[in-house]
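A.B. asks: If you want the building blocks of each chain, they are given just below.
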Amino acid sequence: MTVLLEADHLLRRYATRRGMLGRPVDVRAVDGVSLVLEAGRTLGLVGESGCGKSTTGRLVLGLETPDGGEVRFQGDAMPPPGSAAWRALRARMQMVFQDPLGALDRRLPIGVQVAEPLEIHAIGNAHERAARVETLLRAVGLRPDHATRYPHELSGGQRQRAVLARALATDPALLVCDEPISALDVSIQAQVMNLLVELQDRFGMGVLFISHDLRAVRQVSHRVAVMYLGRIVEEGDPDAVLHDPAHPYAQALVSAIPHPGRGARRIVLQGDPPNPADRPRGCAFHPRCPVATSLCTMDVPALKRRPTDGRLIACHVAHGDVPAGGGVAEVKEAA
Amino acid sequence: MLRFLTVRLLRAALTVAMVVTFAFVVLRMSGDPAQIIMGADAPPEAVEAFRAAWGLDRPLWVQYFNYFGAILSGDLGRSMRDGRDAIQLVAERIPATLALTLPALLMKVALGIPAGIYAALHRNSWVDRLVMIVAVAGFTVPSFVLGLLLVLVFAVQLGWLPSGGQESWRHAILPVVTLGLGGAAVLARFTRSAMLEVLGQPYIRTASAKGVPWHAVVTNHALPNAAIPTVTIIGFMMGSLIAGAVVVESVFSWPGVGRLLVVAVANRDLAVVQCILLLVAATMVFANLVVDLLYGLLDPRLRNAPKRAVA
Amino acid sequence: MTPLVSIRNLTVAFDGQPALRGIDLDISPGEALGMVGESGCGKSVTWLAALGLLPGRATIGGSVRLAGQELLRAPASVLERVRGGRVAMVFQDPASSLNPVHRIGRQITEALRLHRDMTGTTARAEAKRLLDQVGIPDAARRLDAYPHELSGGQNQRVMIAIALAGRPELLVADEPTTALDVTIQAQILDLLGTLRREMGMALVLISHDLGVVAETCERVAVMYAGRIVEEAVTERLFATPSHPYTRGLLGALPPIHGPRRRLSAIPGGVPEPWAMPPGCAFAPRCPMRLSACDAGLPPAVTLEQSHRAACIRTSVTQLVQDSVPA
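Chains as they are written, first to last, in the numbering used here: chain E, 5 to 339; chain X, 77 to 387; chain A, 1376 to 1701.
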């Protein structure tokens, strides 16, 4: 397997203010994320809102510059955003967003929008482009006559198909999908997930699939990474992580999946999803963790391999550094 | 709060300073005041003497700093026409202008807001359509046209009201109506769209689902939210209390600040023009400040939010 | 048991275009019913229509009875007693469903004043108790907070507290967890279940997510294009779904266990209200379509006690079964 994308200790900070005139607070949206995506494979990135999964997606595409760390695409470091080299590289990497209507231009027919990346990157002549648009529309399950339709004339599922067709126009090696199905109806979600798997089989692109939905991630991914407050807390084979999650947060996330025919036994986490501007000291999850120990309040657990099965886990308890505790009261990082 | 006020006041002072500078530059570049005041056929020596007397012969930047320094020490200069203090000249005219603009503001609010609310609550009814038609007319018809129309109907044709002058309260009716009608139309339109926006919000449905009677939903839930954008417009209207009647005062020969401004500009009476502009800028800036403070009062989201507690 | 709410042939049209095309539904006291379907299927409209919360351009027909009392065309005074009193509603997006300019406490005490004649310190004390009950920490202080100062999950708890203020016999929760994070969704579903048991109220949980409904409800009604296409006890619906749409929905759900297979996605999309198919609305997407499907609306057929499906294949099977002597 060749490595398509490598991210090494990515760091992204924002300064936000509380209220209109509050003091600026340093928010670490992404706090040392490393990941590897192999060519033609899918890496699922799951987590709740504010965990930094979307920012990670933008960082690996070079849409944002990391404050630390490095992204390597096909072995080479990411050129600075806006440079000619970066623009040339953009044809090899595409993004698909949650809201297909927002991603499409309402004033242009679908065909024109699918052809747009080809024109931007000066690929083929007019005739070849038209042929390519037709192939792409068929590949995503639209008819060639859809090319003349406007976005509002299509259903939600058809729009997301059109977005995929446009993203695939330049034959990218990497597709970053940020919550590509969460705005769609259940039956349409299944269509798009099937389509994504089919397209990968056919075109062989690597996919970074960002979602809050563990079930969807398992369906399309070859590996899964669980994020919490800017860090990856567990990473491994999707089936393994879903059936036997090791990190207490992954366990809670798995047990929170509503699932027909499962009993009411469920780990219900206390408290709200954390505020990145108010990061707890030590392991960021410890205030909500049912097995936290005093060590967890002080020491940030490193993401390291579990010797038994090689799964990556960032948890003192899961690694056996300390016996499971009974949870601890929150300790805030001094401002 | 104190910090908020300080920042706002500093910003306000900066705005006023910029207006003053702008006025200074424009007025100095639009012709020689000495020549205009003394007349085209005045002897050159007289014009020269006038320049020397008013300091107009010094370099422009010296004039500017002298002028600015004087403002800071509270001296707004004297009229080049009759030598009186500019500020005194302007102050004399303020009551007359306020006698038009204050009742007009009252009329805008008293007419525009209820009309807008009613139109929003009875969307697509004939009242709503009427309000919208009048509002569009109010937007598009310039005040001098409306003023002249009113004069034609009520002064010339019907003879009910005087067409100009300032002798009695009856003289004020037509100019006040001219000013108020357009503003009321603008306000009605804004209130209507603000209300419609708010009535479509999920929390209005929540209030109804709680069992709140419709009239209480409107007064307790919709109005406080619709007031937030509406206050901006009223604030802008307050900003034009001094300068908003220039055209109307001219049409009705009303001796207010606006008429003084027109005359002073024609005469290149620098100190008076600058004094009025300073006053106008100060009113606008003050009105904006009031709007900002009202915003904080009306919308808790804009208050200096306390640190979000974590459960 | 006499039903608490009884809906008969409820129809709704917006500007002449049908949104509900004949809903029949009974809710027993204390029962938890799930209503599932894709966007636009009419699951929310059903309850907004029942409580008279639809805009004036909606034409409503049929009957909705609450303990025998007709709600449709009832005078405003009757509806205002019912809304937030005997029947309360919780909506999808808690952040925009609470009034941004009023404090949390005031929004709860408003309901207490309307339905329980409580004012002043009594109302405030009860509001604090309600916030405690829905699991908001430091309830006394939160009474003075504004919605924007709370998180999404906490705001949804406040919405539930407001709903509980009138001591409802029925709580209608319309996609209460859709806007929330997964772990917070688990908290809210847990809370709704607990409250229902504690207070003995009936619960209607409207959701697009079969999983959410399966865990919380005893009975499920599946809606498609303005009609109920299948209705059954939860275990039975998931074990032996009868209507092809229900089967399609279940097949579209990515499994948690077992080998990853291609999802059996339902082809096409939901029909638009102005282009309803002549017969069964699901026929154009149905893998088991017969020519007879376009002939007319399939009636709901009872398969077994409290399991009904509106599909002519079911009717055919049922007829065959009926004609065979046991």
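Read the hints as simulated data drawn from the structure, not as lab findings. Careful: at least some of the hints might be erroneous.
The following label-pair restraints were derived from C-beta to C-beta distances [unchecked claim]:
| # | chain 1 | residue 1 | chain 2 | residue 2 | range |
| --- | --- | --- | --- | --- | --- |
| 1 | A | His1632 | E | Arg206 | 37 to 47 Å |
| 2 | E | Thr152 | A | Asn1384 | 51 to 61 Å |
| 3 | E | Gly72 | A | His1523 | 51 to 61 Å |
| 4 | A | His1632 | E | Leu105 | 29 to 39 Å |
| 5 | A | Pro1630 | E | His323 | 46 to 56 Å |
| 6 | A | Asn1384 | E | Ile271 | 15 to 25 Å |
| 7 | X | Val232 | A | Trp1649 | 54 to 64 Å |
| 8 | A | Ser1452 | E | Leu105 | 37 to 47 Å |
| 9 | E | Pro84 | A | His1523 | 50 to 60 Å |
| 10 | X | Ala213 | A | Arg1448 | 32 to 42 Å |
| 11 | E | His323 | A | Ala1515 | 39 to 49 Å |
| 12 | E | Ser298 | X | Phe80 | 58 to 68 Å |
| 13 | A | His1632 | E | Gly72 | 57 to 67 Å |
| 14 | A | Ser1403 | E | Phe207 | 51 to 61 Å |
Partial selection, computed: residues in chain A whose CB lies under 7 Å from chain E [unchecked claim]:
| # | residue |
| --- | --- |
| 15 | Ala1520 |
| 16 | Glu1524 |
| 17 | Gly1528 |
| 18 | Ala1554 |
| 19 | Asp1556 |
| 20 | Thr1558 |
| 21 | Ala1561 |
| 22 | Leu1566 |
| 23 | Leu1570 |
| 24 | Ala1589 |
| 25 | Glu1593 |
| 26 | Leu1624 |
| 27 | Ala1627 |
Chain A is faced by these chain X residues, among others (derived, beta-carbon under 10 Å) [as the list claims (entries may be wrong)]:
| # | residue |
| --- | --- |
| 28 | Ser239 |
| 29 | Ile280 |
| 30 | Ser284 |
| 31 | Lys286 |
Even for Gly, the Cβ is constructed at its ideal location relative to N, Cα and C.
A.B. asks: Indicate, hint by hint, whether the structure satisfies it.
C.D. replies: Here is how each hint holds up against the structure:
1. Take His1632/A and Arg206/E: their Cβ atoms lie about 28 Å apart, and the range 37 to 47 Å is violated.
2. For the pair Thr152/E and Asn1384/A, the supplied restraint of 51 to 61 Å is violated, since their beta-carbon distance comes to about 42 Å.
3. A hinted range of 51 to 61 Å is violated for the C-beta pair Gly72/E and His1523/A, which are about 33 Å apart.
4. At roughly 35 Å, the beta-carbon separation of His1632/A and Leu105/E lies within the given 29 to 39 Å, and the hint holds.
5. Restraint check, Pro1630/A to His323/E: a C-beta distance of roughly 30 Å breaks the suggested window 46 to 56 Å.
6. Taken as a hint, the range 15 to 25 Å is violated for the pair Asn1384/A and Ile271/E, whose Cβ atoms sit roughly 44 Å apart.
7. For the hinted restraint 54 to 64 Å between Val232/X and Trp1649/A, the CB-CB distance of approximately 57 Å keeps it satisfied.
8. About 42 Å separates the C-beta atoms of Ser1452/A and Leu105/E, a value consistent with the hinted range of 37 to 47 Å.
9. For the pair Pro84/E and His1523/A, the beta carbons lie near 38 Å from each other, so the given range of 50 to 60 Å is not met.
10. At about 41 Å, the beta-carbon gap between Ala213/X and Arg1448/A stays in the expected band of 32 to 42 Å.
11. Hint check: His323/E to Ala1515/A, Cβ distance near 42 Å, so the stated range 39 to 49 Å holds.
12. For the pair Ser298/E and Phe80/X, the beta carbons lie near 42 Å from each other, so the given range of 58 to 68 Å is not met.
13. For the pair His1632/A and Gly72/E, the beta carbons lie near 40 Å from each other, so the given range of 57 to 67 Å is not met.
14. Look at Ser1403/A against Phe207/E: about 54 Å separates their beta carbons, and that is inside 51 to 61 Å.
15. The beta carbon of Ala1520/A comes no nearer than 14 Å to any beta carbon in chain E, farther than 7 Å, and the hint placing it at the interface is violated.
16. For Glu1524/A, the shortest C-beta to C-beta distance to chain E is roughly 11 Å, which exceeds 7 Å, and the interface hint is violated.
17. The restraint placing Gly1528/A at the interface with chain E holds, with a minimum CB-CB distance near 6 Å, inside the 7 Å limit.
18. With its C-beta approaching chain E no nearer than about 10 Å, Ala1554/A sits outside the 7 Å limit, and its interface hint is violated.
19. The interface hint given for Asp1556/A holds, since its Cβ lies 4 Å from the closest Cβ of chain E, which is under the 7 Å cut-off.
20. The closest approach between the C-beta of Thr1558/A and any C-beta of chain E is roughly 5 Å, which is under the 7 Å cut-off, so the hint is satisfied.
21. Interface restraint check for Ala1561/A: the shortest CB-CB distance to chain E comes to about 4 Å, inside 7 Å, so the restraint holds.
22. Here the hint on Leu1566/A is broken, as its CB sits about 9 Å from the closest CB of chain E, past 7 Å.
23. Contact between Leu1570/A and chain E, as hinted, is not supported at the beta carbon level, the nearest pair being about 14 Å apart and thus beyond 7 Å.
24. The restraint placing Ala1589/A at the interface with chain E holds, with a minimum CB-CB distance near 4 Å, inside the 7 Å limit.
25. At about 12 Å, the closest approach between the beta carbon of Glu1593/A and any beta carbon in chain E exceeds 7 Å, and the interface hint on this residue is violated.
26. The criterion of a C-beta within 7 Å of any C-beta in chain E is met by Leu1624/A, whose closest approach is roughly 6 Å, and the hint holds.
27. Annotation: interface hint on Ala1627/A holds; nearest CB of chain E at approximately 4 Å, less than 7 Å.
28. Checking Ser239/X against chain A: minimum C-beta separation of about 47 Å lies over 10 Å; hint violated.
29. Annotation: interface hint on Ile280/X holds; nearest CB of chain A at approximately 8 Å, less than 10 Å.
30. With 10 Å as the threshold, the beta carbon of Ser284/X comes within range of chain A, its nearest partner Cβ sitting at about 6 Å, so the hint holds.
31. Annotation: interface hint on Lys286/X holds; nearest CB of chain A at approximately 4 Å, less than 10 Å.
Checked against the numbered hints above, the structure violates hints 1, 2, 3, 5, 6, 9, 12, 13, 15, 16, 18, 22, 23, 25 and 28; every other hint is satisfied.
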